[in-house]
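These protein sequences, in sequence, are chains U and D.
Position 41 of the first sequence, counted from 1, bears residue number 371 in our numbering, the numbering being contiguous throughout.
Position 109 of the second sequence, counted from 1, bears residue number 441 in our numbering, the numbering being contiguous throughout.
Please keep in mind that the hints were generated in silico from the structure rather than gathered at the bench.
A hint or two may mislead.
Cβ pair distances, simulated, as ranges [what the hints assert, rightly or not]: (1) K569/D to G359/U: 20 to 26 Å; (2) T491/D to T333/U: 32 to 38 Å; (3) G359/U to G668/D: 25 to 31 Å; (4) K381/U to P596/D: 39 to 45 Å; (5) L499/D to K381/U: 40 to 46 Å; (6) G359/U to R692/D: 26 to 32 Å; (7) K381/U to R693/D: 25 to 31 Å.
Below 30 Å or equal to it, Euclidean Cα-Cα: the simulated BS3-like pairs (lysine-lysine) are [claimed, not checked]: (8) K358/U to K381/U; (9) K600/D to K362/D; (10) K401/U to K358/U; (11) K401/U to K362/D; (12) K358/U to K569/D; (13) K569/D to K354/U; (14) K335/D to K381/U; (15) K381/U to K401/U; (16) K362/D to K381/U; (17) K414/D to K371/U; (18) K386/U to K478/D; (19) K401/U to K371/U; (20) K386/U to K371/U; (21) K358/U to K386/U; (22) K569/D to K386/U; (23) K354/U to K478/D.
Chain D is faced by these chain U residues, among others (derived, beta-carbon under 7 Å) [as the list claims (entries may be wrong)]: (24) G339; (25) L340; (26) Q344; (27) E372.
Note that the structure is a prediction, hence the values are computed from the model and not measured.
Every residue, glycine too, gets a C-beta built ideally from N, C-alpha and C.
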Amino acid sequence: MSTIVDARGLSCPQPVLLTMNEIKRAGKGEIVVLVDTDTSKENVSRAAESKGWILKSVESEGSFYRITIFKD
Amino acid sequence: MPKLVQFFATRWGIILVGAFIGIFAPLLQKWGNPANMGVCVACFERDIAGALGLHRAAVVQYIRPEIIGFVFGSMIAAYVFKEFRARAGSAPIVRFVLGVFAMIGALVFLGCPWRAALRLAGGDGNAIFGLLGLIAGIWIGTLFLKADYNLGRSQATHTTVGWLLPLTMLGLLALMLIFPQVPGQDKSGILFYSVKGPGSMHAPLAVSLVIGLCIGFLAQRSRFCTMGAIRDFVLFKQTHLLSGFVALVVFAFLTNLVLGQFHPGFEKQPVAHTMSLWNFAGMMLAGLAFALAGGCPGRQLFLAGEGDGDAAIFVMGMIVGAAIAHNFGLASSPDGIGPYGIPAVIIGLLVCFFIGFTMRRKPA
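Construct all of the structure, not just a fragment, from the sequences and the given hints.
In structure tokens, the structure reads:
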């Protein structure tokens, strides 16, 4: 079961901060991050990958993006 | 197109944008802009406030087309790449107040982070204290961010909301064309024009506008932000944005060398004073305000161009802050800080601390 980080509507650097906090807390597994700007999408993806997490998918849900990251 | 989108999100993409600004800012100086002020968002918004008569400091009054270009360049990029998204409602009054004090701090130092970099690249040693202050202010901001400080969520809203700042900029451009500068006269129609001082020094309108458009377009694509550069390094040890900021300094330095515009020293530097403590403290206030507001003055303009109504409020705060700074003697001049600069910096820091300490609820 993946945890969801809802960072929609939050400005920089909140989406990355919330994602990093969840990465630290979970250690491994799957995290879904919801963001609503392309900047946040890029920043969250870049930050997760820098921590060794795999970018599993980025899906556009109309008004927001669903980013799924994963680590064994 | 997808390849181009990806390129600007890469390290080389952001370095290219930093280099572009670093090369064209000194060139703008050669073409008429004030020394070590090829592009300065704080100074240029201050000049706009002056041109509209919001303050009457006669040496800093000119509608700067670069600012108009930044907003429209970003807007064009946002529409071309389908990123324009009108949004607003994340603590607008707080963003306004942060904009006011960011401008006051920047005018105690005499420049925004871009100009701090350009001053350094032009040999102005006083900029070192400004940059150290900027780092200190942003570092304090990261402590608040780590302690759950946030401005709350914005909401998607009517497209009109995202269009208002760009339309305001269009209005400013129209005013410049309706009331063009008359050589030797300090007023044309309703607009003020400096006849001496930094406000009288400017590149031709079309040149400033086109370079502003290019920078706005590129910066929107790459998310160029000087505050984010330092913040991300302090918070996450990420050097992505920082490489763009460093590229700006390096390329501005090299361009200045080529153009013969590099003059190292501390005394008699253009539009600068030597009061190191207040160069540091002014920029510390500005850096903290930028960090709490989520972007440097340039980034706020680019965000406003892509539909962020809250960033637009920050821009308005900076323009009003410039008027306050000059009307109440808070802004510095080459002779030193203004008569009320010191209390203004202290009050600004207190206000930022108040905001930072009290807005720490986790987002719902």
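Now the hints, each set against the structure:
1. K569/D to G359/U: 20 to 26 Å: Hint holds: Cβ distance 23 Å, inside 20 to 26 Å.
2. T491/D to T333/U: 32 to 38 Å: 34 Å, holds
3. G359/U to G668/D: 25 to 31 Å: 58 Å, violated
4. K381/U to P596/D: 39 to 45 Å: 41 Å, holds
5. L499/D to K381/U: 40 to 46 Å: 42 Å, holds
6. G359/U to R692/D: 26 to 32 Å: Between G359/U and R692/D, where Cβ atoms are some 28 Å apart, the hint holds.
7. K381/U to R693/D: 25 to 31 Å: 27 Å, holds
8. K358/U to K381/U: 11 Å, holds
9. K600/D to K362/D: 19 Å, holds
10. K401/U to K358/U: 5 Å, holds
11. K401/U to K362/D: 53 Å, violated
12. K358/U to K569/D: Satisfied, since the Cα-Cα distance of roughly 21 Å is no more than 30 Å.
13. K569/D to K354/U: 15 Å, holds
14. K335/D to K381/U: 25 Å, holds
15. K381/U to K401/U: Holds: K381/U and K401/U sit about 10 Å apart, inside 30 Å.
16. K362/D to K381/U: 45 Å, violated
17. K414/D to K371/U: Status holds; Cα separation ~14 Å.
18. K386/U to K478/D: 27 Å, holds
19. K401/U to K371/U: OK: K401/U and K371/U at ~18 Å, within 30 Å.
20. K386/U to K371/U: At roughly 13 Å apart (the allowed maximum being 30 Å), K371/U and K386/U satisfy the hint.
21. K358/U to K386/U: 13 Å, holds
22. K569/D to K386/U: Measuring from Cα to Cα gives roughly 24 Å; hence the hint holds.
23. K354/U to K478/D: 14 Å, holds
24. G339: 3 Å, holds
25. L340: 6 Å, holds
26. Q344: 5 Å, holds
27. E372: 5 Å, holds
Hint check: violations occur at hints 3, 11, 16; the rest are consistent with the structure.
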